[in-house]
Amino acid sequence: MVPEEPGWDDFVERQCRTLLMTVYFSTDQFDEAVALWKAFPEERRFEHYVLSSFIDGCGRHYKARIPEEAWDAMRARRQPTANEWGAWVECLCRHSQASFARAWDILLFQMGTDGGVPAADLGFARTILSFASKDSALEDTKGMIKTYLPDVWLQLRAVMLVDPSSNREQEKALFLTATMDPSSLSRQNQALKQERPQQRLNRSQESPQSPKQPLAAESQRGEPVSRTYTLWTTQCA
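If you use full-length UniProt numbering, the sequence shown corresponds to residues 1 to 237, in order.
Read the hints as simulated data drawn from the structure, not as lab findings.
Hints may be right or wrong, so weigh each one.
To be verified - Between beta-carbon pairs, the in silico distance windows are:
1) 158 to 83: 22 to 28 Å
2) 126 to 62: 18 to 24 Å
3) 116 to 43: 18 to 24 Å
4) 79 to 159: 24 to 30 Å
5) 83 to 148: 20 to 26 Å
6) 159 to 81: 22 to 28 Å
The beta carbon of each residue, even a glycine, is placed where N, CA and C say it ideally should be.
With the hints as extra help, turn the sequences into a complete structure.
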């Protein structure tokens, strides 16, 4: 079906083109993805889901100049959505240390203070933190969030206590503390060490090794069956 045929749905066409662009990005065909996006009609190029997918794909290829041009062109037309802000912040985090610093400034000093810019929330903070360790800025980022975004910091602290994906070691410690006394582990280990040799001794006494049976493939004289069979057939003949 092509756009000129009856029943062609314009929305389906846009969805298919956006999906194809995403496939290009995910299969390392960056130039083809950018060319397809530029081939979109201008009003469609800056639609919410199209632009978010485009910026996200550029970020995963560590590109910043092309998505920044698209970002600036979009902001000249309308205000970005929260989802588009998330894609842009993540794109900056992926590109370089300097771009990560820009994303840091957006989170701490721009969000919620400028018209049309959404307030910083837990999702934005976790995006920044997920890339902070790559740039050796994890502790500094935590400190800045605690200082400038205290409400978000409290949410982060709560998540770190209950979310296994954010702090697995802490979850393991809490689980062990809740289910057993760690001081008893050494006593239990010593008891197991003393118990296992005694169990092996008991099993060996209960099940003595049976005498070895002669192989079925040998005759009583120790001759192989094949040789015995040959002698027997010769005598019969």
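Status of the hints after comparison with the structure:
{"no.": "1", "hint": "158 to 83: 22 to 28 Å", "verdict": "holds, 24 Å"}
{"no.": "2", "hint": "126 to 62: 18 to 24 Å", "verdict": "holds, 21 Å"}
{"no.": "3", "hint": "116 to 43: 18 to 24 Å", "verdict": "holds, 20 Å"}
{"no.": "4", "hint": "79 to 159: 24 to 30 Å", "verdict": "holds, 29 Å"}
{"no.": "5", "hint": "83 to 148: 20 to 26 Å", "verdict": "holds, 23 Å"}
{"no.": "6", "hint": "159 to 81: 22 to 28 Å", "verdict": "holds, 24 Å"}
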